[in-house]
Structures are given as C-alpha cells and as structure tokens.
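Residues per chain, in single letters:
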Amino acid sequence: MTPFTRDQMAHRAADDIPEGWCVNLGIGIPTLVANHVPSTREVVFQSENGVIGMGPAPAKGTEDLWNINAGKQLITLVKGASFVGHADSFAMIRGGHIDLCVLGGFEVAENGDLANWATGENDTAPAVGGAMDLAAGAKRLWVIMDHTTKDGRPKLLEKCVYPLTGLKCVTRIYTNLATIDVVDGKGFVVRDMAPGLSFDELQAKTAAKLHQAH
Amino acid sequence: MTPFTRDQMAHRAADDIPEGWCVNLGIGIPTLVANHVPSTREVVFQSENGVIGMGPAPAKGTEDLWNINAGKQLITLVKGASFVGHADSFAMIRGGHIDLCVLGGFEVAENGDLANWATGENDTAPAVGGAMDLAAGAKRLWVIMDHTTKDGRPKLLEKCVYPLTGLKCVTRIYTNLATIDVVDGKGFVVRDMAPGLSFDELQAKTAAKLHQAH
Amino acid sequence: MINKIVRTMAEALDGIKDGSTVLIGGFGSVGQPDALIEALIETGVKDLTIALNNAGSGRVGVAKLMDNGCVRKIICSFPRSSDPVVFETLYREGKLELEITPQGTLAERIRAAAAGIPAFFTATGAGTLLARGKESRMIDGREYILETALKADVALVEAWQADRWGNLVYRGSGANFNPTMAAAATLTVAQVQHIVELGDLHPHMVGTPGVYVNRVIQVDRGPEWTKEEA
Amino acid sequence: MINKIVRTMAEALDGIKDGSTVLIGGFGSVGQPDALIEALIETGVKDLTIALNNAGSGRVGVAKLMDNGCVRKIICSFPRSSDPVVFETLYREGKLELEITPQGTLAERIRAAAAGIPAFFTATGAGTLLARGKESRMIDGREYILETALKADVALVEAWQADRWGNLVYRGSGANFNPTMAAAATLTVAQVQHIVELGDLHPHMVGTPGVYVNRVIQVDRGPEWTKEEA
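Chains as they are written, first to last, in the numbering used here: chain R, 1 to 214; chain F, 1001 to 1214; chain C, 2001 to 2230; chain D, 3001 to 3230.
To be clear, the hints were calculated from the coordinates, so they are not data collected in a lab. Wrong hints could be hidden among the right ones.
Once the Cα atoms are required to be at most 30 Å apart in a straight line, the calculated BS3-like pairs of lysine-lysine come out as [stated by the list, open to error]:
1) F:LYS1139 - D:LYS3017
2) D:LYS3151 - F:LYS1168
3) C:LYS2134 - F:LYS1139
4) D:LYS3151 - R:LYS72
5) F:LYS1060 - F:LYS1072
6) D:LYS3073 - R:LYS72
7) D:LYS3134 - R:LYS159
Cβ-to-Cβ under 10 Å is the rule here; a few derived chain F residues that face chain D [claimed, not checked]:
8) GLY1020
9) GLY1096
10) ASP1133
Short derived list, chain C residues pointing at chain D, Cβ under 10 Å [to be verified]:
11) CYS2070
12) ALA2112
13) GLY2116
14) PHE2120
15) ILE2139
16) ARG2142
17) TYR2170
18) ARG2171
19) ALA2175
20) PRO2203
Glycine residues also receive a C-beta, built at the ideal position from the N, C-alpha and C atoms.
Next up, chain R with everything else stripped away, as it sits in the complex:
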C-alpha cells in the first residue's frame, strides 16, 4: 500500500475544484492546493487578510513585501485581483461568499464536526486565527490531513475529543489514505482509497463507521 504524499493529497483536492470558485486555503498542506490547479482553470484564491485573487509565490527579485497571504508568505496577484480590509474580508467569509475553504485538521467527526485549533481545554494559549470564522461561513469545508496521528490513532471519529472549531461544517476529507465525503445523516462515505489499500484496512484505521459510495 502506498499512502498519498502531501502533494498528492493537495493535487487530489485541486482536481475537485471547478472553474470560477472563490477558495480560501488554510496554512500548511492546504496552501499547496493552489500549485495544483492548472493555470487554464480560473479559480479565485482569497486570503483572509484581504487579498482576492492571489497568484503563486513571487520569483526571486520581484517580491513586494506588502503582498502576503494568511500564512504571512509573500504572494503575487493575478489579473482581476482586489484588496479589502479585514472587516470586509471576514464579512465575505462569514456571509457565505467563499465557495470552498480547505483547512488542516486534528479530528473530524462523522457528523462533520471539526477540531483543529486546540488540543485540550487546558491548552496553553490556544490560537484560533480565522478557522472558526471559515468553518462557520464557507459554503463548503474540505479538510486535508493524515488519516491517523503520528502514533497511529485515528483522526476520523464518531465524536471529536479535542475542542471544536466548528459544528457540522466539514463536507469532505482528503487524507493520505482516502478521500471521504461527510454525508448528512449518514456519516463518512469513502470516495476512493490509496493504491493497494483495502476497505477493511481503511476501516481499521478509522474510529467511526465507513460507508462505501455507490
């Protein structure tokens, strides 16, 4: 069995983004998604610090220090880009104008609950950033994360253990082992799996019931 790499996970998510969507990408693997959308397909990348229409990282020597993304990395702008302030940017997010947000995750529950900001109630200084706003506001929320923790514990659960970021918000999960839809009233539905992986093996690494797609 060959698990998907980080880039493969990002690529698979990118493949599922149709032309014309306005997409917000979280820090980490989600940021890689932009690299895998072909330049022939127009997708508008929004960053919560008020950039609408981000392009790839700038070539050496052409950097503009004023243009950064939510991860504080230098960016370029594409034609058609515009800027707004934070209040307007989050109005866009909270108001349901972002077609898709892709975030990392600690845990996802079968009802779509997401935990990705704190690892316990006594977490020292948890840092939430814009994750709760995105979870509450985006039209669709996809999570990219490893299927299990480094020590092998499942991250797809019947119920989240860590403090929640948002309730019933995740609609799809791209893991290093599978792509799984979160279907209202049903739970986790497997769309596809890493080459050589069996459904039973995937179920064994998942702490909630998996359903096969028809």
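On the provided structure of chain R, position chains F, C and D as indicated by the hints.
Okay, now just chains F, C and D, sitting in the frame of chain R:
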C-alpha cells in the same frame, strides 16, 4: 422687532462651527449653512450618501452628474474629499464620528427630544430618511427652524406631540427669533434674541420655560 | 475562463421569480440601474418585495415598476421623493405594503445580510414609532433596538466599470447602496457604463470584488452620463 | 487650516494613559506601525489592554512592549506566531491576561465599535469553547452567539500615504485591520511612509477618511519597504 431671515439663521449657525469639525447638513435651511462658513475656515462637510468633503454647488457647465448631496443637488468636491458607500457612511454617522449635524425640525422638547419626520401616527407614508440615524449618532445636533408654526403655535415645547425622531438629542436651536441651548437637567437657555425682541415676548411664543443665560 | 459578461437583458435577468426580494441600488438617479429596472418591468414579474432608498418619482423607473403592478411591498427610508405620485396612489389604495426603515439602518441591515450577521443592536430609532414590535435592550445605560439582516434573492446595481470577473469600480457618489447590496443577494446583476480588460482595474479601486457579482451587462446611459474621469 | 501632521513621536503619542485600551494594526509585519510601537514602549506606559491579531514574535515590537511590562491584557486571535517566546513566558507565569477571539469576530467587534453597534449575533464560535459565557440564540434554525463591540482609547495604524487632513491610502495587503481600527478609537495615530499635498489622493483610493484620524507622523520604514507602486 426684526426676525432673522433664513440666511441669517444659517449664518448664525455657521459662525458657531469651529475649524476642523466634520458636519452633516440636513435638507432645507441647514444646507444653506455651508455657504456661510468662510473659505478660510476648513470645515469638512459630510453627506450621508457617502461624500466626505463637499464643496459649493458647481458653476454652470462644470457639473458632474455623479456628485450629489443628500438632497440630490449637484455638488463639487474640495481638496481632501473622499467617497464611501452607504454602509460605511452611516457607520461614520452612527459611530459618533460626525461632530455636528444640523437638521430642520417640527418640534423640539426642553429635554432635547426632536420631532421632524412625521406629523402624526396616522401620517400617510411618513418619510424618515437618515434623520433618526443622525439624531442617534451625531456628537451634537443643532436644529434650525422657525420659532412657531405658520399659524403661530410654538414649536419649542415641554414635550413633543408629533412622533419622535430621536430622544434627548438636540443641543442647540437656531430660530428666526433666538438662539437657544438645550441644557441637560435645565431645559431651554436663551443665548441671544432677534433685535428688538424682549425675553417676555420670546417666552410668550414658547411652550416651555425659557432660562436666561448667565 | 470566468466570464460574467452577458449581452442581453434576457440573460441578465434570467431566473428572477415572482415573489422575489429585490435590492435596487442608487441614491436618486446616481448609481441607479435604470436599464435593469426597465428590463425587469418587461419581464412582467409579480409580487416583488423591493428594498431601496426612495419609492421612485414620476412614472418612470421604480415608479413604473410599481405602477405596472410588479411590487407587493416596498422597504425604504424615504418614499416621498420629488414626485411620488405612483407610490402615494398605490399606498392610499392599499395596494402596496410599506416598511419604513431609517436610511442607516436600511444600509446596515443589508450589510448584515452580506456579512453573515443575522441581527444587531442599534440606537437608531430607539424610543420612536419605528421601534414598535422590536426587541430593545439597555446596554451601558443607553437603549438600543434589535434590527435584523435584510437578505435578498436579487440585487440590481450600477457601476462605472467592470471586468469579466465582475469586479466593479464606482464613480463619484455612485457607490452609495450598490456595494452593500451587491454583497447581500443570491443573484447580483450589474449594469455598467464601461467594460475593461481583466487586469485594467486598480486592485484598490475595486469597490465590489467580482466574488459578489453574477452577471454584468454594459449599458450606455447616454451622453449626459458619459463624462470621463478627470 | 486642518493639519494633523506631527513631527515628533512625543506629539504623536501625547496623552496615552496607563490602563488604556490600544488597537494595533497590521497583519504580520505588513501594515504594522513599528515606529509607533517602539515609541509607545519608550513612554513607559503601563497596564495597557492591547487588541491585535498576533502576540508579537521574537523580542521586538509588540513582544518588546509586553516584555517591558506595559501590557496587562491582550485580545487577539493567534498568540502563537512564528516566535512567541515573550508571550508564552508571560502567559505561563500568569503575568498576562489573554482573550482569544476568532479573527473575523475580532475584526467585526472593532467594526461594530466604529459603527455604533454595541452588539451583534454571529455563528462564528457557536457551540465551541469560545462561546462560553456568551448569550446564544437560535435564529432561523441556526445557533448564533452575541458578541460585543470592542471600543478603544487609542488606535495605532500604518498606511502608505497621508495628507494633512489625515486621509490615508493603504498599499497592497497593508490595509488589513488598519481602516477598521482607525475608526474605532478615541485617538487614532497613523504612521505613514509618505505625506502628500491635500488633493493629491484620489477620492476613491482613500481607505480611511481623515475624519477618523487625529495625528499623522511620517516614518521611513527603510529601503526594503520603500518600493514604489508600479
């Protein structure tokens, strides 16, 4: 006794506006106030349709149809002018960033209540515009109006009869007979009167107790 | 390729249903999507709730929309504009429902809908007739009333320039209600004076990001409106 | 003549008192009023409540402000920035009070303060730890929590250009929290790269009307920040 003319009323109000204030002027006599602020004194005129830094009416042949004030009259811009949309314009008003609003009035009560939008509960289709927002939001609210109705009834009262625009919001009244402060806990305090008018004569035309300024 | 530019009014207004709530931009004639309003009248749509600042004047534009029986209810701040003959007649005859909202509250209710805020407190109108039936609350010693978001099915807006992504640039005082309304509707249609190439609009001049706009149609408003920027 | 331009940091920060609530603009180093923060540290002011997105990194800027004991409480969305050594130390030792607010709620609470909205409902955070102690309400079948305006005594902001009226033009992604914060404080001080003549800023490019700004000080941020607009 010579009552003040409309221009004299506007001029007296203009004289009391210090340099640097941001001022919103209502439709009617209040609009005339801008004409009486000398060009050597910088006052920023705001219009609720999103103009900050209005100048005088344009000269014939130089009109720009895109630039109007709240009364839908053509305007010019001064150096330093800027535009915002309605939501931001009323955020500025509601948030207490307008130093002064000058409005017309039907009635003002001695506690500062203002009635200037409807003449009765059964008024056909009352039109409020931005008056309630300005009454609630401006730092100071001055009213310019005749001291009595056309048929001689007082417009300065112990309590308004017409539906209110705002509660305890008026701080000064410029009438054709006098300038009167509305002082918290005290009521109407006369600052000055039209030439030849006696305090008793003014009191006779006012349906609330007038106080003399010290 | 994203291309929100349409060529005909039929495409621009496709799918607008009877009973829809429609936001109409503009303040007076500035920023008012005249051609879209005319085309809306021609669709013969009925039972609309329209929200805008005024209730039209004379027998053109919004007044004509009401006169033709397309409108069931109007939400506005100032129905008495310069010549409100149609509004006053219909209202007197009980053929038009009226909801008066202070101008700033109207703008903020639309902004709230755009921003995912279902309700907010404001001091505007507290203690007045317009507070009747509304929840009120004392906060830090002052009375506020709760106002709710005004979400819409359709927004018809006007702008100076647009590109194929639907980015809009406003001119002069032409923004007014337009950017807020554009962001508060399920379907936003923009009438613009000029269409420019993607990339020709300055990123800081864009008053409405294309994200909010579904369709753009170019309409020449005539010689009196065509004066170019200095 | 209105002239909000000051020449010295002493004038720029005059009157900021112990115990003040201070909004600090910027997202990362972009749009962050570095020189004003340095000058604020030098005033030796104490017991500040500061509100901003991050809690500083390394031992400079906001981190130094906290390290020097000027800050009693911080309201932010993401205290763990790239090198949060000062924040983590003070927080662990109980010397710093922390209020975590989702980034959009932080922006909206400041916007609410600027706009005269004392409280608003939002779905952000509903049902999470951050909803604890907050009023919640079902509206149209969804749960929302009530968030309150975050009003401040002082806002320190950064912009690209200003004129003597205090009109500010932002550059690139440098607006971020700045325009909202500038509008939400009793005293707003702007650090800008360039001062231009009144009338030289395009009325549609102004991101913060001068009405919101009390003082402007020109600070050259150094060669790496001086690249002119294309």
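- Item | Interface hint status, ARG2171 of chain C versus chain D (Cβ within 10 Å) | Given a least distance of 8 Å, the restraint on ARG2171 of chain C holds.
- Task: Using Cβ atoms only, decide whether GLY1020 of chain F comes closer than 10 Å to chain D, and label the hint accordingly.
- Result: Check passed: Cβ of GLY1020 of chain F comes within 5 Å of chain D, closer than 10 Å.
- Message: Let's test the interface hint: is any C-beta of chain D closer than 10 Å to that of ALA2175 of chain C?
- Response: Where the cut-off is 10 Å and the nearest Cβ of chain D is about 8 Å from ALA2175 of chain C, the hint holds.
- How about ASP1133 of chain F: closest beta carbon in chain D under 10 Å, or not? holds (9 Å)
- Item | Interface hint for GLY1096 of chain F, Cβ within 10 Å of any Cβ on chain D | holds (6 Å)
- Message: Let's test the interface hint: is any C-beta of chain D closer than 10 Å to that of GLY2116 of chain C?
- Response: This hint holds: GLY2116 of chain C lies near chain D, its Cβ roughly 7 Å from the closest one there, short of 10 Å.
- Query: Keeping to a limit of 30 Å between CA atoms, is the pair of LYS1139 of chain F and LYS3017 of chain D held or broken?
  - Reply: holds (23 Å)
- Taken at face value, is the distance from the CA of LYS72 of chain R to the CA of LYS3073 of chain D at most 30 Å? Roughly 25 Å between the alpha carbons, so the hint for LYS3073 of chain D and LYS72 of chain R holds.
- Can the hint on PHE2120 of chain C be confirmed by a CB-to-CB distance to chain D that is less than 10 Å? With Cβ-Cβ at 4 Å, under 10 Å, it holds.
- Item | 30 Å Cα cutoff - pair LYS3151 of chain D, LYS1168 of chain F | holds (23 Å)
- Query: Given CYS2070 of chain C as an interface hint, is the shortest Cβ-Cβ distance to chain D below 10 Å?
  - Reply: CYS2070 of chain C check fails; min Cβ-Cβ to chain D is 27 Å, beyond 10 Å.
- Message: Checking hints one by one. Is ARG2142 of chain C an interface residue toward chain D, by the C-beta closer than 10 Å rule?
- Response: Holds. Min distance 8 Å.
Comparing the model with each earlier hint shows a violation of hint 11 alone; every other hint is respected.
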